[in-house]
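Visitor: Make the full structure from the sequences, and use the hints.
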Amino acid sequence: MSNSSVYPTPINAFKQSKRSVLSVIVDNEPGILARIVGLFSGRGYNIEALNVTVVDVESNLSRITIETLGEERVINQIIAQLEKLVPVHSATNLANLKESYEAEICLVKIEFDNEDQDHKILNFADIYRTRTVQKRQHLVVYEISGTSERINKFLDDLTTISGIKVELVRSGPIGLGI
Amino acid sequence: MSTNQEITGAEIILQALKDQEVDTIFGYPGGAVLPIYDSIFGQNFLKHVLVRQEAGAVHAAEGYARSSGKVGVLLVTSGPGVTNVVTGLTDALMDSIPVICISGQVPSHLIGTDAFQECDTTGITRPCTKHNYLVKDINKLSETIHEAFEIARSGRPGPVLIDVPKDVQFAKAKYIPKSEVIFKPHRIKSGSSEIDAQFIEKLLEHIQQSKKPVFYVGGGCLNSGPQASHELMKLVQKTNIPVTTTLHGLGCYPGEDPKSLAMLGMHGTYEANLAMNECDLMINIGARFDDRVTGRLDAFSPNSIKFHFDIDQSSINKNVKVDYHTNTDITLSLKAINDHIERRGVNFDQKQFDQWWSQIEEWRGKNSLFYEQGDEVIKPQHAINRLYELTIQKDTFITTEVGQHQMWAAQYYKFSKPNRWITSGGLGTMGFGMPAAIGAQMANPEALVIDIAGEASFLMNIQEIATAVQYKLPIKIFILNNEYMGMVRQWQELLHGSRYSESYVDALPDFKKLAESFNAVGVRAKNLSELDDAINEMISVDRPVIADIWVDKKENCFPMIPSGAAHNEMLLSKYDKEKPENQEKGKVLV
Ligand SMILES: Cc1ncc(C[n+]2csc(CCOP(=O)(O)OP(=O)(O)O)c2C)c(N)n1
Ligand SMILES: [Mg+2]
Numbered sequence: 001m002s003n004s005s006v007y008p009t010p011i012n013a014f015k016q017s018k019r020s021v022l023s024v025i026v027d028n029e030p031g032i033l034a035r036i037v038g039l040f041s042g043r044g045y046n047i048e049a050l051n052v053t054v055v056d057v058e059s060n061l062s063r064i065t066i067e068t069l070g071e072e073r074v075i076n077q078i079i080a081q082l083e084k085l086v087p088v089h090s091a092t093n094l095a096n097l098k099e100s101y102e103a104e105i106c107l108v109k110i111e112f113d114n115e116d117q118d119h120k121i122l123n124f125a126d127i128y129r130t131r132t133v134q135k136r137q138h139l140v141v142y143e144i145s146g147t148s149e150r151i152n153k154f155l156d157d158l159t160t161i162s163g164i165k166v167e168l169v170r171s172g173p174i175g176l177g178i
Numbered sequence: 001m002s003t004n005q006e007i008t009g010a011e012i013i014l015q016a017l018k019d020q021e022v023d024t025i026f027g028y029p030g031g032a033v034l035p036i037y038d039s040i041f042g043q044n045f046l047k048h049v050l051v052r053q054e055a056g057a058v059h060a061a062e063g064y065a066r067s068s069g070k071v072g073v074l075l076v077t078s079g080p081g082v083t084n085v086v087t088g089l090t091d092a093l094m095d096s097i098p099v100i101c102i103s104g105q106v107p108s109h110l111i112g113t114d115a116f117q118e119c120d121t122t123g124i125t126r127p128c129t130k131h132n133y134l135v136k137d138i139n140k141l142s143e144t145i146h147e148a149f150e151i152a153r154s155g156r157p158g159p160v161l162i163d164v165p166k167d168v169q170f171a172k173a174k175y176i177p178k179s180e181v182i183f184k185p186h187r188i189k190s191g192s193s194e195i196d197a198q199f200i201e202k203l204l205e206h207i208q209q210s211k212k213p214v215f216y217v218g219g220g221c222l223n224s225g226p227q228a229s230h231e232l233m234k235l236v237q238k239t240n241i242p243v244t245t246t247l248h249g250l251g252c253y254p255g256e257d258p259k260s261l262a263m264l265g266m267h268g269t270y271e272a273n274l275a276m277n278e279c280d281l282m283i284n285i286g287a288r289f290d291d292r293v294t295g296r297l298d299a300f301s302p303n304s305i306k307f308h309f310d311i312d313q314s315s316i317n318k319n320v321k322v323d324y325h326t327n328t329d330i331t332l333s334l335k336a337i338n339d340h341i342e343r344r345g346v347n348f349d350q351k352q353f354d355q356w357w358s359q360i361e362e363w364r365g366k367n368s369l370f371y372e373q374g375d376e377v378i379k380p381q382h383a384i385n386r387l388y389e390l391t392i393q394k395d396t397f398i399t400t401e402v403g404q405h406q407m408w409a410a411q412y413y414k415f416s417k418p419n420r421w422i423t424s425g426g427l428g429t430m431g432f433g434m435p436a437a438i439g440a441q442m443a444n445p446e447a448l449v450i451d452i453a454g455e456a457s458f459l460m461n462i463q464e465i466a467t468a469v470q471y472k473l474p475i476k477i478f479i480l481n482n483e484y485m486g487m488v489r490q491w492q493e494l495l496h497g498s499r500y501s502e503s504y505v506d507a508l509p510d511f512k513k514l515a516e517s518f519n520a521v522g523v524r525a526k527n528l529s530e531l532d533d534a535i536n537e538m539i540s541v542d543r544p545v546i547a548d549i550w551v552d553k554k555e556n557c558f559p560m561i562p563s564g565a566a567h568n569e570m571l572l573s574k575y576d577k578e579k580p581e582n583q584e585k586g587k588v589l590v
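These protein sequences, in sequence, are chains S and R.
This note's numbering puts the first residue of the first sequence at 1, with every later residue one more than the last.
This note's numbering puts the first residue of the second sequence at 1, with every later residue one more than the last.
Keep in mind that a hint or two might mislead.
[To be verified] Quick list of in silico lysine-lysine cross-link-like pairs, DSS-like style, CA-CA up to 27 Å: (1) K84/S / K379/R; (2) K84/S / K321/R; (3) K366/R / K379/R.
No lab work stands behind these hints, which were simulated from the structure alone.
For clarity, every value in this text was computed on a predicted model and none was experimentally measured.
Guide: This is how it looks when you write it as structure tokens:
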């Protein structure tokens, strides 16, 4: 991209933007999500996906998983800023761990009209080993899980079938270091 | 009082403040804090200072904190009471000042109903505090207050707000003293207390290899405590390395010492900025590579190895990439370095930097703070110079407003000790200085406290004169009256073709009469011959004084590195003109 403006391109621009998944352990207290979301919006960082759930009832801890885009320096700055928040125990870039696993879940509702479409859908569902949640005439609901990339591919493949109507929901990635 | 006894939330707040050794609180009452005001009534450990607008309370608390090293505390009511302190909380966050704000909130059962004077206080103040709380459970109140104090003063200090609904102020519980509260380490973020031996080795190694080193000292050195300045002094004397300080670092190293290059940055000295530009080793002690200091980033000190001491991990590599860093408290690190030097008997070649020093002397020879004082109209720089010379014998605290006068104060008033210089740097809040002076005077009753002001800034919190009068605080407001928002006028002259849009401060009050109407003292100097008398009268009166000093209306503040320019593209005087292409670039920046 050429920069014809007199305004210098800020260093924080997404020069070599990389997708990163951050895992944040926090005290589960009021306002914690607002604090994190506010940090991202206030400093101009991106949130591509966000997941929050209590993971330890006894110690009252939640794990927040955030998918974000940015070059390494920006990601490191985000982590340092997250760790400054009082209720935050730790913030980790999963990519920096020796071993970590990611998963995402997605529900896809597909409406179709004819048998040809039905066949093609079934074929992809089979390849991607989806779970059938509901099946009726002209409608099927699948559950697919795995890495976000795998889900993206499945959804891409569905777009090759013309005339069907797809509605979906995704949990955003979650991940765990081993 | 037996610890088993249940007391009200309002009483718990007072107990906790006592436990935290708070002796002064700045505040303004209202419906949602009446129970707390009831507890303040008739007790005698806590002195309440009634300000005239809540903005005054928060700046006073900042001034109190900065001048004493303690936490500043304020108390405000819900709704407009707390929205009035948003600017001050942001100011304290930007400048790392420990402040506790206790705000009243509508009763719990009314929260969310748009009740009278209800606002989403924790929502509004979340981005402008280090942390904040809404206390819904009376049983958590004591611990919350103690944790809040711990958070405000530890690590990189900052403002913490505690919102207390009115019903919680009435509810009863046992008070939990500070000594019984166990803090969770992850919530306190106190920075590392471990000395990084490798960092120290590397630093000493680089010092010995360096030809052109410089210390770049910021507010973190101040926040680490006076001992940090002491250790810095020792290290500088041993190594013979020049020192430049940021706006907030002034006083961390004595301004009159020959090793001091004075302030750097947008209005810093020629020698400080060129030393930063040309150094081969930069040792940053608690400064944050602010844009007012770095100028154009890609031209900032291009050939130096950079060491960074900062307790705040997020300051490292934020604006400028550094080669080595430590997050350990500055006092601990500097002391460890000095100890290491002594223990190992490390010797520094006193000739090693001779060439560097002679280069610096050459830059110094430019005398970048030169000004021409004629015999009639007072030059603002001269007014500060005289103020300095006539107060040098006293223990003086200087606060400022924001504008040209602030920069002239930073350039011409010299500080020999930390905590004597209190100014709004990060946020640049006009109206900061006078209430901050009130806070500084409360913390230092015997000291001479002077707010170096611009007439426009002073008008922003002028109501606080009444506070100074009521509490017999003999603060001095030294106005460099140029009838302009001078700094705005300067930018318009340099970057906007001298179109002085709305920067003339018309319809000014007669400051002398104004002082008298508040029962303060007014003095005035209209020309050079009246200047010293005015200053002497101002200092000698043991009452609040407004000194209206008429200065040259067209004077500009130099040197200046225009926004977006590099350190070696400094304008030294009105005869230097900004390159047109830089004007265009600078205009779009702040
Ligand atoms: C609350 C606030 N509003 C606006 C500004 C922008 N501003 C910076 S300096 C300045 C002019 C200050 O004028 P004065 O107090 O007379 O000081 P001088 O520059 O003339 O010394 C203004 C408007 C600011 N810093 N703070
Ligand atoms: Mg002015």
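Visitor: If a hint holds in the structure, say so; if it does not, say that too.
Guide: Hints, verified against the model:
1. As the CA atoms of K84/S and K379/R are separated by approximately 46 Å, the hinted pair breaks the 27 Å bound.
2. Annotation: proposed proximity of K84/S to K321/R holds, straight-line Cα distance about 20 Å (limit 27 Å).
3. Of the pairs offered as hints, the one joining K366/R and K379/R holds, with about 20 Å between alpha carbons and a cut-off of 27 Å not exceeded.
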